[in-house]
Structure formats: C-alpha cells, structure tokens
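Here is what each chain is made of, one letter per residue.
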Amino acid sequence: DVKVTQSSRYLVKRTGEKVFLECVQDMDHENMFWYRQDPGLGLRLIYFSYDVKMKEKGDIPEGYSVSREKKERFSLILESASTNQTSMYLCASLDRIQETQYFGPGTRLLVL
Amino acid sequence: AQSVSQHNHHVILSEAASLELGCNYSYGGTVNLFWYVQYPGQHLQLLLKYFSGDPLVKGIKGFEAEFIKSKFSFNLRKPSVQWSDTAEYFCAVENTGFQKLVFGTGTRLLVSP
Numbered sequence: 001d002v003k004v005t006q007s008s009r010y011l012v013k014r015t016g017e018k019v020f021l022e023c024v025q026d027m028d029h030e031n032m033f034w035y036r037q038d039p040g041l042g043l044r045l046i047y048f049s050y051d052v053k054m055k056e057k058g059d060i061p062e063g064y065s066v067s068r069e070k071k072e073r074f075s076l077i078l079e080s081a082s083t084n085q086t087s088m089y090l091c092a093s094l095d096r097i098q099e100t101q102y103f104g105p106g107t108r109l110l111v112l
Numbered sequence: 001a002q003s004v005s006q007h008n009h010h011v012i013l014s015e016a017a018s019l020e021l022g023c024n025y026s027y028g029g030t031v032n033l034f035w036y037v038q039y040p041g042q043h044l045q046l047l048l049k050y051f052s053g054d055p056l057v058k059g060i061k062g063f064e065a066e067f068i069k070s071k072f073s074f075n076l077r078k079p080s081v082q083w084s085d086t087a088e089y090f091c092a093v094e095n096t097g098f099q100k101l102v103f104g105t106g107t108r109l110l111v112s113p
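Which chain is which? The protein sequence lines are V and G, in order.
For the first sequence, our numbering gives the first residue as 1, with consecutive numbering after it.
For the second sequence, our numbering gives the first residue as 1, with consecutive numbering after it.
Looking at chain G on its own, in the form it has when it is part of the complex (with noise of 0.2 Å):
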C-alpha cells in the first residue's frame, strides 16, 4: 500500500529563511502529488499538483516542488518565507487513476517575524 512520509514535523524559521519540506512515498507506479496547505483555523487548500511533465512545478505564493522519480521524492520549497506562511503543510500521493489520496503526517512550520 502507499504510504507517504514527511520526516521533519516542526519547522520553525525567521522571515525570509528558505525552506524545503521533504516527501517520499513508498509506491513506484504512476503517481499524482500534492502539497495542501492549513492555515491556522482555515481549511485545507491546494498549493499545487504535479500529474506529468515539467517535474518542477510552481504554486500559489512562490511555492514550488519538484518531483524526483528516482528519489520518490517531492520536496516543497520556497526562497523566503514570510510570516504568513505560518500554517501545516501536507504532502498527498495518488496513485493515478485511484482517486484516493495519501496523506504525509503533516509538517507545522512557524515563522517567527
């Protein structure tokens, strides 16, 4: 079955620091990823997808990931980070056509101003 992983739990970073949240998943078929985004008391939103091509992909607010099929990899990254981008980050795996999605622990990343 797939599984997904987001190893670092806590993130916490000053404004403008760059990050790179990291996701594996187990499964080596045809995959769709996602990376979701909660802001504090908001609800669950999309940040962007990858289904083919380009491996790298570009979000909402200067987000990006790129895909590694090699890795299993799609790590989330972003230049420099602002306050507001204070909210849990979940990556998502769907095998394609599947229709199900499995979802990352979740990394919590705070930016301290």
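With the rest of the complex left out, here is chain V (with noise of 0.2 Å):
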C-alpha cells in the first residue's frame, strides 16, 4: 500500500511566521504535489515536483515555496503565513504505473 504522511495534523501559527509542511512518501514516488483544499473550492494545486530539486508552479503558487532535497519528502514552505492561508493543506504522491495519485491526511493550518 502506498503510504504519504504529513508531519502535522493540526498547526497554529501566528501572522508573519515561516511555516515548514512536511510530506514523506514510502513508495519511490518521483511526482509529488502540494493542494490546498477550501469549502466550496476544491483542491487548487500549489506546486509539484517531477524529481529532486525540480519544482514547479501549480495554479496558485503565490506565499509558497517548496522544497524537494530527497526524493521522498516534498516540503511546502510559508514564508510569511498570512491570514488567508488559512486551510487544509494536502500532499499526494503519484504512482506512475497505476497513474493515480495518493494523498496523505491533511494538515489543517490556523493562521492567526
């Protein structure tokens, strides 16, 4: 079974902080991808990554970053978290063969 997890269900931070997300998968994935999902709005891509040190910009890359150092941990960084950054954050791994993506839990993000 392809396995992703998320660092953090839960986080509170405060306006103006950095803020680490921190995605792991187990299954020698090479794509991985960062959403956000909001009521209403589905999942919006924020970035993905085709390999180590390759990234690039999804639909809504603004106040994001993200940082692909070995091939199975895929980070998104808040650089200076904002209220409306605010949501769930979702990381998903692609299995190439099956040609389906698979998501961790979540992490809920409060931004305060």
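In short, the hints are calculated from the structure, not lab data.
Glycine included, every Cβ here is placed at the ideal spot set by N, Cα and C.
Any given hint could be a false lead.
[As the list claims (entries may be wrong)] List time: in silico DSSO-like cross-link candidates among lysine-lysine, alpha-carbon distance up to 27 Å: (1) V:55 / V:18; (2) V:18 / V:71; (3) G:61 / G:71; (4) G:49 / G:71; (5) V:3 / G:49; (6) V:70 / V:55; (7) V:70 / G:100; (8) V:53 / V:18; (9) V:55 / V:13; (10) G:69 / G:100; (11) V:57 / V:70; (12) G:71 / G:58; (13) V:3 / G:58; (14) G:100 / V:53; (15) G:100 / V:71; (16) G:100 / V:3; (17) V:71 / V:53; (18) G:69 / G:49; (19) V:70 / V:3; (20) V:57 / G:100; (21) V:53 / V:3; (22) G:61 / V:3; (23) V:70 / V:18; (24) V:18 / V:57; (25) G:69 / G:58; (26) V:57 / G:49; (27) V:70 / V:53; (28) G:100 / V:55.
[Said to hold, decoys possible] Here are the in silico distance ranges between beta carbons for each label pair: (29) V:97 / G:112: 34 to 44 Å; (30) G:9 / V:11: 23 to 33 Å; (31) G:113 / V:95: 33 to 43 Å; (32) V:96 / G:2: 11 to 21 Å; (33) V:9 / G:17: 31 to 41 Å; (34) G:61 / V:95: 12 to 22 Å; (35) G:77 / V:22: 32 to 42 Å; (36) G:2 / V:11: 26 to 36 Å; (37) V:70 / G:113: 40 to 50 Å; (38) V:59 / G:9: 17 to 27 Å.
Assembling the complex is the task here: the two chains are given apart, and the hints tell you how they should meet.
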C-alpha cells in the first residue's frame, strides 16, 4: 500500500511566521504534489515536483515555496504566513504505473 | 485550461435512495478521469478511475461512473446509498500525459438513516 504521511494534522501559527509543512512517501515515487483544500473551492494545486530539486508552480503558488532535497520528502514553505493561508493542505504522490495520485491525511493550518 | 464542474454542491438522500453526482470538464482532448471520496475525518481516497476502454467503470463500495465523451461528462452513480456513504466527493480530470489533476469543487453528500 502507498503510504503518504504529513508531519502534522493540526497547526496553529501567527501572522508573519515561517511555516514548514512536511510530506513523506515511501514508494519511491518521482512526482509529488501540494494542494490546498477550501470549502466550495475543492482542491487547488500549489506546487508539484517531478524529481529531486525539480519543482513547478501550480495554479496558486503565490505566498508559497517548496523544497525537494530527497526523493521521499516534499516540503511546503509559507515564507510569511497570512490569515488567508488558513486552510487544509494535502500532499499527494503519483504512482506512475497506476497513473493515480495517493493523498496524505492533510494538515489543517490556522493562521491567527 | 482544463476546468471541472460539479453542479451539486450539497446532496441529501435517505438510505436506499439512488445517487447520481454530475461532473463535467471543459477540455476535449484525451483525458483520464477520477472520482475521489473523503469520509469525515479521513484522507482523500480513490473511488474509481477511467483511462480508456469500457466507458462504464466500477469502483469500490458499489459505485460506478459513466464516461460520455460527447457530453464531456463523468457522472458518479450508486443504485442504493447507505449512511456510511456520507462524505465529500471530488471529480478530477487529468489531460493525459500531464500528470496534473484538476479537481472539481466537490459535492457533500449526507445520507440520513
């Protein structure tokens, strides 16, 4: 079974703080993704990575950056958290053979 | 750019009722189609997917979906829902080869016992 884990289920941060969200997958997948999920908006792609040190902007990259130093780990960084970044953040990993993305449990971030 | 529409935002059904959730996409090229489900407090998981072949695909827990290319649709169905089907359902589309999913806004289904 594909296992995608995220470092925190819940996180509370203050405006202006730097925030790191970590995602790890154990299936040697090359492609990994970060989404945010908001009520009524569905999932929106923030960034994705198709290999170590490679990254591509998704649909809503503003205010975010990512890091992929190792194949199994993909980090999402909020350089200076703002209240409009309060959301559920989902990480996914792509099984290219199955052509299917598998999701982690999500991190619910509250920015005060 | 690809976009995905789920017209039903909230659906309330009684147990044993039939379910159909609509999903339409905009781009007419070759696509891969997915339905994901998120049960309360759980992570998003794959319900079913369509890549090619028989346009009627069957997934887990008695769900099925039909791809109608001429209508750009991939509607999800279940003949008889159960209380445990209460969840949020997301349709997603991938333009084949791009490895990026575009999601619809989701449909919250509440099944009353």
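Hints, one by one, checked against the model:
no.: 1; hint: V:55 / V:18; in the structure: holds, 20 Å
no.: 2; hint: V:18 / V:71; in the structure: holds, 23 Å
no.: 3; hint: G:61 / G:71; in the structure: holds, 26 Å
no.: 4; hint: G:49 / G:71; in the structure: holds, 18 Å
no.: 5; hint: V:3 / G:49; in the structure: holds, 19 Å
no.: 6; hint: V:70 / V:55; in the structure: holds, 13 Å
no.: 7; hint: V:70 / G:100; in the structure: holds, 21 Å
no.: 8; hint: V:53 / V:18; in the structure: holds, 21 Å
no.: 9; hint: V:55 / V:13; in the structure: holds, 25 Å
no.: 10; hint: G:69 / G:100; in the structure: holds, 20 Å
no.: 11; hint: V:57 / V:70; in the structure: holds, 19 Å
no.: 12; hint: G:71 / G:58; in the structure: holds, 20 Å
no.: 13; hint: V:3 / G:58; in the structure: holds, 24 Å
no.: 14; hint: G:100 / V:53; in the structure: holds, 18 Å
no.: 15; hint: G:100 / V:71; in the structure: holds, 18 Å
no.: 16; hint: G:100 / V:3; in the structure: holds, 20 Å
no.: 17; hint: V:71 / V:53; in the structure: holds, 9 Å
no.: 18; hint: G:69 / G:49; in the structure: holds, 15 Å
no.: 19; hint: V:70 / V:3; in the structure: holds, 16 Å
no.: 20; hint: V:57 / G:100; in the structure: holds, 11 Å
no.: 21; hint: V:53 / V:3; in the structure: holds, 22 Å
no.: 22; hint: G:61 / V:3; in the structure: holds, 21 Å
no.: 23; hint: V:70 / V:18; in the structure: holds, 21 Å
no.: 24; hint: V:18 / V:57; in the structure: holds, 19 Å
no.: 25; hint: G:69 / G:58; in the structure: holds, 17 Å
no.: 26; hint: V:57 / G:49; in the structure: holds, 25 Å
no.: 27; hint: V:70 / V:53; in the structure: holds, 8 Å
no.: 28; hint: G:100 / V:55; in the structure: holds, 13 Å
no.: 29; hint: V:97 / G:112: 34 to 44 Å; in the structure: holds, 40 Å
no.: 30; hint: G:9 / V:11: 23 to 33 Å; in the structure: holds, 28 Å
no.: 31; hint: G:113 / V:95: 33 to 43 Å; in the structure: holds, 36 Å
no.: 32; hint: V:96 / G:2: 11 to 21 Å; in the structure: holds, 20 Å
no.: 33; hint: V:9 / G:17: 31 to 41 Å; in the structure: holds, 33 Å
no.: 34; hint: G:61 / V:95: 12 to 22 Å; in the structure: holds, 21 Å
no.: 35; hint: G:77 / V:22: 32 to 42 Å; in the structure: holds, 38 Å
no.: 36; hint: G:2 / V:11: 26 to 36 Å; in the structure: holds, 31 Å
no.: 37; hint: V:70 / G:113: 40 to 50 Å; in the structure: holds, 47 Å
no.: 38; hint: V:59 / G:9: 17 to 27 Å; in the structure: holds, 20 Å
Of the numbered hints given earlier, the model fails none.
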